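When you line the sequence shown up against the UniProt record's numbering, it's residues 1 to 424, in that order.
Note that these hints are calculated values from the structure, not bench results.
There could be a bad hint or two in this list.
Unchecked claim - Simulated DEER-style distance windows between Cβ atoms:
no., residue 1, residue 2, range
1, ARG77, ASP364, 44 to 52 Å
2, LYS305, VAL362, 34 to 42 Å
3, ALA85, ASP415, 53 to 61 Å
4, HIS19, GLU282, 44 to 52 Å
Said to hold, decoys possible - DSBU-like mimics (lysine-lysine), calculated; alpha carbons at most 35 Å apart, straight line:
no., residue 1, residue 2
5, LYS22, LYS191
6, LYS155, LYS305
7, LYS392, LYS305
8, LYS155, LYS191
9, LYS91, LYS22
10, LYS191, LYS267
These numbers come from a predicted model, not from an experiment.
Cβ coordinates follow ideal geometry from the N, Cα and C atoms, glycine included.
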Amino acid sequence: MLGTEGASEFHALQHVSFHVQKGETIGIIGRNGSGKSTLLQIICGTLTPSGGRVAINGRVAALLELGAGFNPEFTGRENVFMNAALLGLSKAQIEERLDAIFAFADIGDFVDQPVKTYSSGMYVRLAFAVIAHVDADVLVIDEALAVGDAFFTQKCMRFLRAFMERGTVLFVSHDTNAVVNLCTRVVWLDKGRVREIGPAKDVCDSYLEAFYEEQHRASGRSAHAPERSSVVRAIAEGDMRDQRALLVNASKLRNDVELFQFTADAKNFGLGGASIEHVGIEDGTGASLNWVVGGEIVCIRIAVKALQNLQRAIVGFIVRDRLGQNLFGDNTYLTTLNEPFAVAAGESFSVRFGFRMPVLPVGDYSVTVAVADGSQSDHVIHQWLHDAVLLKSHSTSVSTGLIGIPMHEIVLERDTLSEIGAAQ
Numbered sequence: 001m002l003g004t005e006g007a008s009e010f011h012a013l014q015h016v017s018f019h020v021q022k023g024e025t026i027g028i029i030g031r032n033g034s035g036k037s038t039l040l041q042i043i044c045g046t047l048t049p050s051g052g053r054v055a056i057n058g059r060v061a062a063l064l065e066l067g068a069g070f071n072p073e074f075t076g077r078e079n080v081f082m083n084a085a086l087l088g089l090s091k092a093q094i095e096e097r098l099d100a101i102f103a104f105a106d107i108g109d110f111v112d113q114p115v116k117t118y119s120s121g122m123y124v125r126l127a128f129a130v131i132a133h134v135d136a137d138v139l140v141i142d143e144a145l146a147v148g149d150a151f152f153t154q155k156c157m158r159f160l161r162a163f164m165e166r167g168t169v170l171f172v173s174h175d176t177n178a179v180v181n182l183c184t185r186v187v188w189l190d191k192g193r194v195r196e197i198g199p200a201k202d203v204c205d206s207y208l209e210a211f212y213e214e215q216h217r218a219s220g221r222s223a224h225a226p227e228r229s230s231v232v233r234a235i236a237e238g239d240m241r242d243q244r245a246l247l248v249n250a251s252k253l254r255n256d257v258e259l260f261q262f263t264a265d266a267k268n269f270g271l272g273g274a275s276i277e278h279v280g281i282e283d284g285t286g287a288s289l290n291w292v293v294g295g296e297i298v299c300i301r302i303a304v305k306a307l308q309n310l311q312r313a314i315v316g317f318i319v320r321d322r323l324g325q326n327l328f329g330d331n332t333y334l335t336t337l338n339e340p341f342a343v344a345a346g347e348s349f350s351v352r353f354g355f356r357m358p359v360l361p362v363g364d365y366s367v368t369v370a371v372a373d374g375s376q377s378d379h380v381i382h383q384w385l386h387d388a389v390l391l392k393s394h395s396t397s398v399s400t401g402l403i404g405i406p407m408h409e410i411v412l413e414r415d416t417l418s419e420i421g422a423a424q
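Generate the whole structure from the sequences, applying the supplied hints.
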């Protein structure tokens, strides 16, 4: 028999401590192997901690790793009865909700087939349908929304948002945009320890910064003296003004965005091979703006100084809302795809992004900018500047969704009597 001499203990989690209030939605992020799944299994009671304690008030329903809690030999129907019973429902309650569960899962006749024949998407559909109908107080979701089609994901998101109004959610995902969208606070796990706890946007920004720093340490690039080049990608605009602009201006509705000055000392990270010197928003003539109207053509100008040779300079921007959700943005990669923009150390250059400003619902926004060297998929960040310019929308005009798109044309046409008769 083999002995255990020389073996060492491995702690998947160490000194992890936090409280979740009733009604909170907490995100849990971290690299693979950081302890996220272990933490959720302990919270759900499927793992017993070797130390410490977990206190939970209320019924917990969990969607952990794919197929967890399902017996592959049982049919979908049998697994629904088993899982719902384990979550505290009586047989009568399960039968009462069975049609709703199957309708939510929408897997047809497969409910009476063994789940070992299911695709990964069908597993998630049925498992999510169960936890959506068991009157849970706490929902634990571990990367489940990464599997399945877009329509089912949207259905799950609608359920989650409704549940968040009355219950508590622990949400694990590698998609920081989804985490910022859903969560109020975030716990960042790193090698089994809590690295940071705080507001979702702040923690996700720190996580992104650490990710890029690790990528930079793992990559080595040599710099060669580049030649100066210039590339322009122009898009014909034409007369595409939103036809409602005059009506808005003549009414008491507002559709304007206040712009604040460039914040040079905003939170930033990067290797330091280039520096963002200025960010401003201008009109078509190059004049700086303090106010912008939704539907107006504007330019974001980013001034950069190269502190070392850049072989393939890439500059980009992202406009975010107050929660840190990415609304829109772009970068110069495609513009320079066939003609890389090389810059020598000590040289300065600027980039202009011209576009029609969307209608922003009332609230606070920011422009995050970055300069990198490389390609879209393989690059190093020299400076990433969070919230370089702040915006405040005072809009009271109508917009639907996260942003409103300026309309080139809206036409209402009444059918003639002859057309109506022909159609009948």
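Tested hints:
1. Under the hint 44 to 52 Å, the C-beta atoms of ARG77 and ASP364, about 49 Å apart, fit the expected range.
2. Against the hinted window of 34 to 42 Å, the Cβ-Cβ separation of LYS305 and VAL362 comes to about 36 Å, which satisfies the hint.
3. For ALA85 paired with ASP415, a C-beta distance near 58 Å keeps the hint of 53 to 61 Å intact.
4. For HIS19 and GLU282, the Cβ-Cβ distance of about 48 Å falls inside the hinted range of 44 to 52 Å, so the restraint holds.
5. Between LYS22 and LYS191 the alpha-carbon distance is near 28 Å, which keeps this suggested pair within the 35 Å criterion.
6. The suggested pairing of LYS155 with LYS305 is violated, with an alpha-carbon distance near 47 Å, which exceeds 35 Å.
7. Only pairs whose Cα atoms come within 35 Å are accepted, and LYS392 paired with LYS305 is accepted, the gap being roughly 28 Å.
8. Under the criterion of a C-alpha separation no larger than 35 Å, the hint pairing LYS155 with LYS191 is consistent with the structure, at around 34 Å.
9. Between LYS91 and LYS22 the alpha-carbon distance is near 29 Å, which keeps this suggested pair within the 35 Å criterion.
10. Proposed proximity of LYS191 and LYS267 is supported: the alpha carbons are some 25 Å apart, at most 35 Å.
Of the numbered hints given earlier, the model fails hint 6 alone.
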